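A.B. asks: The chain contents come next:
Protein chains: 4
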Amino acid sequence: MKPLNIGMIGYGFMGRAHSNGYRKVNNFFDLAYRPVLKAACARDAAKVKAFADKWGYESVESDWRKLIDRKDIDAIDICTPNNTHAEIATAAAAAGKMILCEKPLSMNGPEGKKMVEAVQKAKVPNMVWYNYRRVPAVTFAKQLIDEGKLGKIFHYRAKFLQDWTINPELPQGGTGLWRLDVAAAGSGVTGDLLAHCIDTAIWLNGDVKSVSAMTETFVKERPHTLTGKKEKVGIDDACAFLARFDNGSLATFESTRYARGHKALYTFEINGEHASIFWDLHDLHRLQYFDHRDDGPTRGWRSIHVTDGEHPYMGHWWVPGLQIGYEHSFVHQVADFLKGVETGQPAMPDFRDALRTQYVCDAVLSSAQGGKWVNVEKA
Amino acid sequence: MKPLNIGMIGYGFMGRAHSNGYRKVNNFFDLAYRPVLKAACARDAAKVKAFADKWGYESVESDWRKLIDRKDIDAIDICTPNNTHAEIATAAAAAGKMILCEKPLSMNGPEGKKMVEAVQKAKVPNMVWYNYRRVPAVTFAKQLIDEGKLGKIFHYRAKFLQDWTINPELPQGGTGLWRLDVAAAGSGVTGDLLAHCIDTAIWLNGDVKSVSAMTETFVKERPHTLTGKKEKVGIDDACAFLARFDNGSLATFESTRYARGHKALYTFEINGEHASIFWDLHDLHRLQYFDHRDDGPTRGWRSIHVTDGEHPYMGHWWVPGLQIGYEHSFVHQVADFLKGVETGQPAMPDFRDALRTQYVCDAVLSSAQGGKWVNVEKA
Amino acid sequence: MKPLNIGMIGYGFMGRAHSNGYRKVNNFFDLAYRPVLKAACARDAAKVKAFADKWGYESVESDWRKLIDRKDIDAIDICTPNNTHAEIATAAAAAGKMILCEKPLSMNGPEGKKMVEAVQKAKVPNMVWYNYRRVPAVTFAKQLIDEGKLGKIFHYRAKFLQDWTINPELPQGGTGLWRLDVAAAGSGVTGDLLAHCIDTAIWLNGDVKSVSAMTETFVKERPHTLTGKKEKVGIDDACAFLARFDNGSLATFESTRYARGHKALYTFEINGEHASIFWDLHDLHRLQYFDHRDDGPTRGWRSIHVTDGEHPYMGHWWVPGLQIGYEHSFVHQVADFLKGVETGQPAMPDFRDALRTQYVCDAVLSSAQGGKWVNVEKA
Amino acid sequence: MKPLNIGMIGYGFMGRAHSNGYRKVNNFFDLAYRPVLKAACARDAAKVKAFADKWGYESVESDWRKLIDRKDIDAIDICTPNNTHAEIATAAAAAGKMILCEKPLSMNGPEGKKMVEAVQKAKVPNMVWYNYRRVPAVTFAKQLIDEGKLGKIFHYRAKFLQDWTINPELPQGGTGLWRLDVAAAGSGVTGDLLAHCIDTAIWLNGDVKSVSAMTETFVKERPHTLTGKKEKVGIDDACAFLARFDNGSLATFESTRYARGHKALYTFEINGEHASIFWDLHDLHRLQYFDHRDDGPTRGWRSIHVTDGEHPYMGHWWVPGLQIGYEHSFVHQVADFLKGVETGQPAMPDFRDALRTQYVCDAVLSSAQGGKWVNVEKA
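Residue numbers (the numbering used here), protein chains in the order written: chain D, 268 to 646; chain Y, 268 to 646; chain U, 268 to 646; chain L, 268 to 646.
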């Protein structure tokens with residue numbers, strides 16, 4: 268196995284999830300490459316040192332430019348807030364590094380377009396961490412669709428519901444809560460949660476043609492994490508939109524952080540001529556499947572426990588019936604990325620593919636602001 | 268018990284459901300009035316005779332005007348296609364009859380407004396058969412909301428999914444399939460299915476302020492039931508809309524007859540500050556309830572089996588754990604109507620209340636046609 | 268339609284359930300016979316009068332012997348406590364009446380055997396109200412088994428869990444709570460609940476060969492309903508047993524009234540070589556079905572919503588997706604009984620068929636008392 | 268962090284699961300010790316080398332006695348077939364090594380008793396891998412019971428259902444299928460699956476007093492994996508038993524490998540005076556909880572998504588709503604073992620604790636053979 272040296276920028280939730288992916292991948296997958304945790308980078312020297320110790324990074328950096336300059340780094344993993352992705356990625360591409368960038372790709376479509384141009388010019392492998400594509404049940408859904416099991420698609424519906432910001436005393440901004448700060452995040456639930464829904468939807472159902480959206484900010488002011496001072500909230504707390512896909516199907520999308528009882532309920536359902544599928548992040552190891560071609564009276568929604576060796580990725584894990592979890596989607600994405608480096612067939616979504624999601628997000632936010640239908644730009 | 272003589276117009280699905288309600292109500296409820304199945308009326312003499320025999324109607328009529336003229340009829344039950352409601356109801360009101368009208372009230376808002384004026388002028392008891400309000404789990408949801416268990420409402424989402432018109436060979440029109448004929452039905456899923464969702468929503472969450480909608484007709488031509496000739500399809504096969512309620516909550520509504528695997532999946536979910544509820548017509552005897560005030564680690568969605576004596580209406584039926592079904596919602600509505608006649612406190616929704624739903628439907632169809640947000644007229 | 272005059276003895280829970288069945292059956296089924304509610308009979312004259320008025324019985328009796336003597340009665344329906352079944356049924360048979368007897372047939376096997384002999388000698392139609400056979404999902408399970416969908420059966424497991432007697436202050440005896448009084452009921456959960464499980468099991472899986480059981484009475488003394496005096500509890504509060512069927516399959520059965528959270532949770536599961544089925548009284552309109560012959564990766568438990576026209580009995584009711592409830596099992600049983608009277612092919616279970624359950628109950632109670640395996644007598 | 272050098276014997280399913288636990292534990296838990304994968308040992312030199320490379324073991328051995336003799340090994344992890352546990356563990360104890368032994372502890376109670384004596388004499392930390400105690404939802408169940416949330420316990424029911432041996436052509440014996448070989452496994456489902464159920468039950472509900480069991484071997488002969496020759500099957504394919512616990516509660520236990528549709532369906536339910544709980548390995552991240560003290564009409568089974576920071580172990584992983592899987596139970600067990608080494612408060616179950624399960628298994632097999640109730644020996 269050839270080493271592939273990782274330079275990680277950021278040490279938060281995603282820094283941990285990706286690191287775990289790098290550490291585990293070769294125990295479960297036979298690959299030509301082996302990720303090496305070469306360096307972790309963040310401005311807070313003490314915190315990044317603690318992170319590096321915990322995860323076995325060989326060195327630390329406090330300036331990402333220095334990390335990019337290091338000759339012993341093959342790939343840069345960007346786990347920083349959204350407003351930093353473009354600058355880091357562009358510099359990393361210029362330095363000839365492979366790039367693995369957290370989602371969403373960018374603050375908006377035009378910025379993302381420049382990032383796409385940068386990696387294309389540099390000809391470096393690049394990928395965006397839309398990890399839910401690689402939950403086995405979701406990958407399996409893709410297989411069923413590609414096999415024609417569903418036939419013509421009539422409907423797509425997705426939602427991503429959370430409830431962690433209902434308390435108006437919850438502050439915004441700073442390291443931990445930058446997702447509530449529009450300057451760092453670009454948007455609220457649209458870029459954070461709906462981007463996941465949109466990425467999966469495009470993968471499974473093709474491009475979105477047009478949208479009509481509404482957004483709402485239920486809590487108008489929040490104290491800032493650092494200053495404690497009340498400031499206007501700039502993000503969208505909730506966003507819902509209607510959509511039409513290029514393939515003629517209709518869709519509804521919704522996301523909020525004000526849905527009591529839902530921690531991270533990402534669900535999607537697709538209704539086709541012959542069959543329908545439903546998936547739910549709260550039970551991510553299951554796929555619900557209804558096939559109209561089953562014998563009439565015994566038709567019913569099948570609850571498929573996606574844990575057999577013949578299910579996507581599952582032959583690498585345990586035995587039938589024993590479920591894996593959230594973190595494994597990242598292991599799979601690392602495995603596919605490494606396989607892509609080996610074969611030259613890049614793992615998706617790369618930057619270009621992820622730009623499509625960015626354009627939908629732009630259209631959604633624009634529609635919500637203008638109160639009218641907006642066509643989505645093609646990537 | 269005083270007799271209350273019913274004159275039923277129509278003998279289809281709803282004619283049966285209402286008749287069953289009239290026949291059963293006094294076995295299970297203590298009431299001052301007893302419905303008497305006095306006459307059934309329809310143009311097809313043979314069919315209405317068979318219907319009358321089956322259900323024990325004492326007589327038949329083939330002209331609804333004659334039925335209305337009969338002195339021995341107290342109440343007219345309108346179970347005919349939507350395009351006949353207004354004429355019959357207006358005449359019945361003029362004749363001083365009580366009126367129980369199938370939903371939707373009318374072909375559109377303005378027509379409905381005239382019907383409201385007619386019954387108000389005649390001062391006759393009137394009601395529209397939005398039966399789902401009286402599924403015990405739904406009534407229980409209303410109680411929980413009225414008790415303040417949910418607090419401020421952030422989100423409402425409803426859908427009504429079916430799959431029975433996917434086959435393009437299914438004909439339209441005629442007695443059996445008038446719901447696919449725009450001339451008889453006025454609209455497709457909007458008036459047939461979304462009207463139910465809207466009625467419940469208004470009851471539980473107040474008035475809708477504005478909507479943005481889209482509709483689609485997937486099968487553009489269908490053979491006519493009687494002629495076999497292909498004709499343009501005028502109804503909406505699917506309709507989805509975004510909405511804002513007067514109380515500030517956001518909503519998504521969707522209905523279709525192209526969702527494989529769903530026979531009559533009417534669901535709604537409401538997310539409040541303190542609690543959320545979810546209901547599903549396919550398991551109508553259950554209410555899902557999440558209460559954030561439960562002790563943290565043991566919080567979870569409660570699957571409430573709404574079959575206890577202390578649940579709405581359930582003390583009239585069997586013992587805890589033994590479920591009732593769809594038909595019982597009509598029995599409850601009859602019971603409440605009779606109680607309203609007795610007490611003078613009319614059972615809801617009356618025509619005026621049902622007109623609110625009509626105005627939302629109008630706004631939805633108008634929005635879908637114009638591709639823009641539309642404000643809902645106040646009833 | 269020919270009238271079939273019913274004489275009902277008892278007016279409690281079952282009296283209501285059966286009466287509802289008689290009243291509804293001809294509205295939904297085309298039959299040669301029409302049940303007429305001729306007379307209701309019970310010792311308490313006021314109560315039976317109120318019952319008769321509520322349900323439309325034409326007359327009342329306070330002595331069941333008089334009822335049996337009446338020429339205008341065709342069929343006797345026995346809804347009295349278990350310890351009265353034998354005497355009434357034997358007399359009714361001698362008088363040439365048809366008999367519809369509540370379950371369990373008798374206090375024990377030998378008593379039941381005499382009842383079988385009585386009806387066979389009198390050649391009168393006879394039936395026992397094991398109503399769960401006619402829940403559509405259960406009847407559908409029977410069809411699937413008979414079609415060979417399951418193949419060789421390996422396992423059967425059933426349970427019937429309730430929680431209504433946990434409170435030690437709940438009294439025993441009297442009209443309302445005779446099920447807690449061993450003199451009236453014969454046994455506790457064994458005859459009341461397990462009898463249902465056993466009847467279904469025998470129907471679906473054939474005869475039980477041998478059993479090993481345990482019983483427990485958690486609350487040893489209870490106040491008597493009438494006197495308030497604490498008396499020893501004679502019934503079994505809980506009973507579980509292992510069983511071997513004649514077909515070689517293994518089984519577990521369990522029943523209790525001390526299972527918090529379960530109101531009337533009767534469930535059974537059958538595992539066959541090719542397929543498995545699961546049913547649950549709390550969602551009685553669904554059947555869970557797993558078919559190993561489905562294509563590997565898409566195998567899953569199918570949640571079948573047993574509400575289509577092609578499902579057993581369902582063509583008589585509403586439209587797909589709209590569920591029926593507990594009470595309908597009685598309507599179906601009446602329909603089948605009347606059909607049996609018409610055709611001469613008696614509806615099952617008749618007394619002889621129900622005797623098989625009685626013998627299993629006897630073996631269970633004997634095993635629990637003796638602490639050893641007991642073979643079941645053949646009916 | 269101090270290193271703790273692991274010597275792993277075996278490289279199969281459990282060898283992988285434990286190795287993964289050792290590798291991950293320090294990334295997620297703050298501990299005084301760090302497991303070091305020092306040596307892997309197995310007779311097949313090529314296979315153990317491949318395993319060691321995959322998992323990062325520093326060295327390999329082909330003779331477990333040599334491994335035990337090595338000074339650089341602190342702990343021996345026994346992942347070999349059941350019939351080798353006693354010899355290895357006794358030798359390892361004599362050599363002063365800590366021991367982590369796969370379940371079941373031994374072939375039977377008397378053998379297990381000697382193992383307990385060996386580790387007690389040697390005073391070495393010892394543990395048995397009954398991993399399901401450390402699924403967060405199961406640990407949470409234990410907390411609820413210990414807090415008195417359930418009150419007096421009336422019922423315990425557990426089952427472990429699989430379907431992978433229905434095919435009679437499936438061979439027995441050899442490396443991969445030693446679980447079907449009675450000489451290697453000691454018993455069939457009793458030691459393999461029911462042992463898990465019993466361990467959890469004893470932990471949650473105390474000691475089992477007596478049992479009545481039945482076993483069955485559905486396929487009497489199978490080809491041997493190595494020779495292809497048909498040989499008599501010595502294991503139990505299915506086993507069910509009734510039990511009484513010391514605390515007065517009644518129980519049913521069942522396990523089989525002939526339950527179509529179930530891959531690894533380990534479930535348990537406990538009914539207490541005040542509350543009930545249910546857990547299911549197929550959705551291991553959920554706990555079902557019913558609390559009778561909830562307000563009457565809103566009582567219902569709560570589906571608790573055990574993924575919050577305040578749930579057992581979950582603060583070490585991701586964020587609320589994101590589930591972990593099967594493998595994490597081993598990580599938790601490693602963490603607790605290391606904490607036990609640090610604090611001197613050993614993690615349970617140690618050998619002595621696991622011996623209780625062994626005695627129940629002995630009683631179960633003896634009861635099944637003799638056809639009578641058997642009292643369980645006290646450990």
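Just so you know, these hints were derived from the structure itself, not from any lab.
Only a predicted model underlies this, so the values are computations on that prediction, with no experimental measurement involved.
Please note: incorrect hints may appear among the correct ones.
Unchecked claim - Straight-line C-alpha distance at most 30 angstroms; calculated DSSO-like pairs for lysine-lysine:
1) Y/K645 x D/K487
2) U/K419 x L/K388
3) Y/K338 x Y/K305
What the hints assert, rightly or not - A few chain Y residues facing chain D, derived, Cβ under 8 angstroms:
4) K314
5) M481
6) T484
7) G528
We put the CB at the ideal spot given by N, CA and C, even for glycine.
A.B. asks: Output the numbers, in ascending order, of every earlier hint that fails for this structure.
C.D. replies: Hints 2, 4, 6 are the ones this structure does not satisfy, whereas the remaining hints hold.
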